[in-house]
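Trainee: Please arrange chain B on chain A, whose structure you already have, making use of the hints.
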Amino acid sequence: MRIFKLLISPRFIGFKNSLKKSQSNSRLKILTLAGTGILFWLALFFFTYRVLAYFSSQEMIGDILARHLLAMVFLTFFSMLIFSHIITALSNLYLSQDLELCYSSPASLAELFLSRSFYTVIDSSWMLLVFGLPVMIAYGFVYSAGLNYYLSLIYVSFPLIIISASLGIMVIMILVRFFPAQRARDIMMFLSIILIILLYLLFRFLRPERLVNPDAFMSIAQYLGALKAPSSPYLPSHWATDLLWARLTMYSGSQILNYLLLWSTAFAMVVIDIWLAGLIYSEGFSRAQEAKRRSRAGKRILEKIVSVITRPLGPDTTSLIAKEVRTFFRDNSQWSQLLLLGALVVVYLYNFSVLPLERSPIKSIYLQNALSFLNIGLAGFVISALSARFIFPAVSSEGQAFWIILSSPLSPRRFLWSKFFAYLLPMLILAEVLIIYTNYLLKVTPFMMALSSVTIFFLVFGIVSLGVGLGAVYPNFRHENIAQVATSFGGLVYMISSSVFIALVIILESGPVYTILSSHFRGEPITYLQWIWIVGSFSLVILLIILAIQRPMAAGLKAFNNYEG
Amino acid sequence: MITFENITKIYSGIKAVDNLNLHIEQGTIFGFIGPNGAGKTTTIKMMAGVLRPTKGRIYINGLDIAKEPSKVKKIIGFIPDRPFLYEKLSGIEFLRFKAGIYGVTGDSLREKILYLLNLFELSDWADELIESYSHGMKQRLIIASAMIHEPRVIIVDEPMVGLDPRGAKLVKELFKEWAGEGATVFMSTHTLALAQEVCHQIAIVDNGRIVASGTSEDLKKQAGVEGDLEKIFLKITGGVATR
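Chains as they are written, first to last, in my numbering: chain A, 1 to 565; chain B, 1001 to 1243.
Just chain A, with the same shape it has in the complex (with noise of 0.2 Å):
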């Protein structure tokens, strides 16, 4: 016990450490992340409640839906965390670099299991009070739940936890046991990216908003076969529900059978994986220090077509985007992203395909062209988060290398630019697609069509621009993940700043675009005043996108020539 207390202590060591030593600007740094996660949290708890307030105003089937809601939460929660278990304990029992220091330790292999599996399950189940919080409250608050439903939140959670941090570590203890590491690391990743996109398919083509308008199902029984949730009263996550759906519900009934089914299923877990890592992990360990590989580099059609339109900005940005282009598409944590990116489109362009323009009571020309309006924004959206995955870490991305950059004789400014157009093509290509096929599917004036496409195409230079520049304002060298770099404080304030970017160009283009359609639709000509009007929202927005170009790269070129390697 006292060297398991040793083993996880450098993490505890460590995080105090940080907070004493945290300067002022990462107090701020503090303070906003946990501004907004608190909105964040108040969103999610204040959506759900509405949700439940609106199901128990329908009689008869309101509870039957809040039970299948929360079903469906936990069947959620339960194999998300299965995942996230498996994703930090593949790094917390195999990949960390602090391990063969522990290894090389007199420490037993029992001891060192628990201590690195302790880690897994810190790293993985702050989401589970992130995220399930305010739905598990806001449930309280609506059945306005006694003390009793609160505390069997803890005796419910933990068990909970501790079953699928066990079966997320058994999975990755006998994936590592046939493949290396890194391998196992690829094929989790790979799995786990289809497996995200086959649910989000499925659900999105569901169209789980019927569900809320029993009016489109023919009978009653056809609309509560289609509520019927996945469930199996061998899932812990069933038993969780019904525990927690008694105490809602004040059912008298003893729940005495699904706290045995949860704590004995947890320990029996705990036993099963000790033993298991008693006979597999030291060998997996073994297998995962093991040198990588031989892997040849491959040629690609694409770097040939990159290098061929890159020639004429010279020797030092051809090198620099070919390179970006073979980093990319080597590192299978990174182009198996675009698979998401993928379906994220399919759904996008699906949902303009059903909307039911024909059947809303606004003249379907109005509707259209504001539909259409609105597009912009969201199309804005999608390759704004895009960005702050791929574009925001572009320059955090050559991690402990940068020394080779800094000390090269390419000049800041031209490095910037270079990661600045090496991303703006393919996000220029993709946001036009977006826009001119959702246009077509409303089948917009020819005026919108025009004006959203340029807006956009402007739009996504400010939107690239901000995403080199923060990115060069708040980089993350000595990132064990990319992915990290793009959920950090730098990442938020991204997101946050291209957001209120997007919103100010559709705010200032709104009121004038509405002026000359309605002018166009009554016949009537446009005043004066109305042309100064639309003539000044117009220059505003050109302002804004040279802002929004010019100073995220300032910004960046100013921290780029302060970066010390």
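Worth double-checking, as some hints may not be accurate.
[Stated by the list, open to error] Ranges between beta-carbon positions, derived for each pair:
no.	chain 1	residue 1	chain 2	residue 2	range
1	A	Arg2	B	Lys1169	47 to 53 Å
2	B	Asn1061	A	Phe118	43 to 49 Å
3	A	Asp98	B	Thr1003	42 to 48 Å
4	A	Ile8	B	Ser1108	56 to 62 Å
[To be verified] With a straight-line cut-off of 25 Å between C-alpha atoms, the simulated BS3-like cross-links for lysine-lysine are:
no.	chain 1	residue 1	chain 2	residue 2
5	B	Lys1112	A	Lys304
6	A	Lys20	B	Lys1015
7	B	Lys1172	B	Lys1074
8	B	Lys1067	A	Lys558
9	A	Lys558	B	Lys1074
By construction, these hints were calculated from the structure, which means they are not laboratory data. Computed from a prediction, not measured in an experiment: that's the story for all the values here. The beta carbon of each residue, even a glycine, is placed where N, CA and C say it ideally should be.
Mentor: For chain B alone, coordinates are given in the frame of chain A:
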């Protein structure tokens, strides 16, 4: 030719380099030795343009690195002590990348890359991703990449780290050859035997200050001891000279 004028570097209130003044002639192999934390790597990184001095100026071949960083970096070959590279590039791609950002083009580039890969015994691994290289292979690739633009000044931090005896011998011979051709080599090292063997001039640095400099003979006189560089080093830096 390298000149340091009153170079000082302060990190969070601590002086890592304290008013350093140096002048190194062209064609010299200059050894920069000192205990851990003496300020060697900081000095080297300032020369390579990776760090900026808090005070003072560094001139390389008459150019001020603060004023004309790109021009200076074009004539420098920097070899750091830790081989962090782009792991997802192959060896040959990395050399091509390095050539690109140093503006090296032309028909002879391919031959030059193949020559360097061959020289550093990496030809068999040219198309393999760097992530599968050993520490020593990465170090050899970094040295090869530092040569791609034929620098006039080579700045090396711990050149022998990770190299096998054959690689170490090759590097020693290359240093002598480059200096013979008029290039200046500035290297920091803990391998005192290497410094004694190849360096024309040596400076011993301690607590960010140069405490002795000159040829091996000059250092012997300054320290007032006979024997090899190890004894001189220990005497000057306050260690135990003999047991």
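Trainee: Take the hints in turn and mark each one as holding or not.
Mentor: Structure-based check of all given hints:
| no. | hint | result |
| --- | --- | --- |
| 1 | A:Arg2 - B:Lys1169: 47 to 53 Å | holds, 50 Å |
| 2 | B:Asn1061 - A:Phe118: 43 to 49 Å | violated, 57 Å |
| 3 | A:Asp98 - B:Thr1003: 42 to 48 Å | holds, 43 Å |
| 4 | A:Ile8 - B:Ser1108: 56 to 62 Å | holds, 58 Å |
| 5 | B:Lys1112 - A:Lys304 | holds, 22 Å |
| 6 | A:Lys20 - B:Lys1015 | holds, 24 Å |
| 7 | B:Lys1172 - B:Lys1074 | holds, 23 Å |
| 8 | B:Lys1067 - A:Lys558 | holds, 16 Å |
| 9 | A:Lys558 - B:Lys1074 | holds, 22 Å |
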